[in-house]
Amino acid sequence: MAASSRAQVLDLYRTMLRESKRFSAYNYRTYAVRRIRDAFRENKNVKDPVEIQTLVNKAKRDLGIIRRQVAEQGTAAGRKSGSRSQSLGKPCTTWP
Amino acid sequence: MLLRAAWRRAAVAVTAATGPKAAAPTRGLRLRVRDRAPQSAVPADTAAAPETGPVLRPLYMDVQATTPLDPRVLDAMLPYLVNYYGNPHSRTHAYGWESEAAMERARQQVASLIGADPREIVFTSGATESNNIAIKGVARFYRSRKKHLITTQTEHKCVLDSCRSLEAEGFQVTYLPVQKSGIIDLKELEAAIQPDTSLVSVMTVNNEIGVKQPIAEIGRICSSRKVYFHTDAAQAVGKIPLDVNDMKIDLMSISGHKIYGPKGVGAVYIRRRPRVRVEALQSGGGQERGMRSGTVPTPLVVGLGAACEVAQQEMEYDHKRISKLAERLIQNIMKSLPDVVMNGDPEHHYPGCINLSFAYVEGESLLMALKDVALSSGSACTSASLEPSYVLRAIGTDEDLAHSSIRFGIGRFTTEEEVDYTVEKCIQHVKRLREMSPLWEMVQDGIDLKSIKWTQH
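Protein sequences, first through last, are from chains X and G.
Numbered according to my numbering, the first sequence spans residues 6 to 101.
Numbered according to my numbering, the second sequence spans residues 2 to 458.
Careful: at least some of the hints might be erroneous.
[To be verified] Quick list of simulated restraints, FRET-style, between CB atoms:
| hint | chain 1 | residue 1 | chain 2 | residue 2 | range |
| --- | --- | --- | --- | --- | --- |
| 1 | G | 86 | X | 39 | 31 to 39 Å |
| 2 | G | 166 | X | 48 | 46 to 54 Å |
| 3 | G | 418 | X | 58 | 32 to 40 Å |
These aren't lab readings, by the way, just hints derived from the structure by calculation.
All C-beta atoms in this analysis are idealised placements derived from N, C-alpha and C, irrespective of residue type, glycine included.
All chains should be modelled from the sequences, with the hints used to inform the complete structure.
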């Protein structure tokens, strides 16, 4: 199969960023977006097609992880916050 | 349209409008979503009631206590929690075989992070158990000829407690003092080694002040004097490069939940060449080469292995980032506040653990003031008592400064906004608490506090 073209890599990049923004936890979301940007930026000058394909395959695996985790954590977060009362987790109001 | 829906879903899950009190900009916790009404105008109860109630939670800046699971780790663990649930020691069916394969793969991942052979890794329930196995196991095995151990005063509670229990069994333990920087004096270590010393235990990175001990030098000294060297590397594994052969380490404790892995799992590295003999603490079916009997928890060790593999890949990136954020935190606090002391040597220091003492401010009150940020003053094990930390006492910090210390932890998932928010709130509250402090007033008037004779009541 032909090595991934520039358009395919960019498409993968955009898809990964889009999926990462769906993480409901702030820290995971920001980490994923930041790491994806930095990783693609770091490897932008790689010329060897075999290496490019390895990196693309790894990125596809990571995209799978992100998709699965967004779905998993979405249900966990939804289940937890639906039944809890508002008063839990409110910051203390007596401190000025 | 889709993007907006995604943002809205994410925003609902993360943010909350807890009423007009939300004047303090918790920038780190809120998304800037253009289609939402301004925060103060959204009333808490009515808007949130029909939706799943989103809850504001503090920023997490306490990574030395524990770390969140990396999503890649959770992804690796899930199949073994759901489908591949076999006991890895079952030899007769596929459930056992696949579970065992996963366990051995995890063992390889852990070993490759520290430069060890997989056969030298024993899975345990955490670094505390690993420390117990290493210290008590080695001491007891060589009990007939060697009765002396050496450790430092800044070790983790489990190491100190293990040594104390060995003292009750008739062993002799030397607790080496540390210098003001937190680092031990190598000459003192050499002087303390006796002909009947079996083990030296020094932690790699301290969990309270982040100081890095000179492990390679200590390893060299120990190997030349034929003494076993154990290091509690719970805070160091996956964060700084470690190699058990280069550093001549004979035993090492690893903790899962300090490297973005699951809680309840750890490992102990026990050298095979030359062989270190260890008396097992836990008796049973002889699992883990007889060193630690008990069913190996496959999902947890798979998580530990995945965490180690991710750490190996991300070590350089994380270290660079965390150093930058730590620099930012320290610089911004120190340039806005006078009389702030960083505990521990600034050079031999892991950047992600910053322990600052704010003079004339009580540590507990500052922690309570910084309620939107999860911080700690000292270690989690000792957080219940009001005593100042023994580590700070060991490095010679004054009593009053020891009471006013806060530990900031920066990890893989910490963002720049979180650091900026923490710095801003810290400066604001320290200034406010100092305004209220009579000691601060006296200092401002030029009185030297050490010269005051406090009267007894």
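Using the Cβ atoms, figure out if residue 166 (chain G) sits within 46 to 54 Å of residue 48 (chain X).
-> Because 52 Å falls inside the window, the suggested range holds.
Would you say the C-beta atoms of residue 418 (chain G) and residue 58 (chain X) sit inside 32 to 40 Å of each other?
-> 36 Å, holds
That 31 to 39 Å hint for residue 86 (chain G) and residue 39 (chain X) (C-beta), does it hold up?
-> At roughly 35 Å between Cβ atoms, residue 39 (chain X) and residue 86 (chain G) fall inside 31 to 39 Å, so the hint holds.
When the structure is compared with the earlier hints, no violation turns up for any of them.
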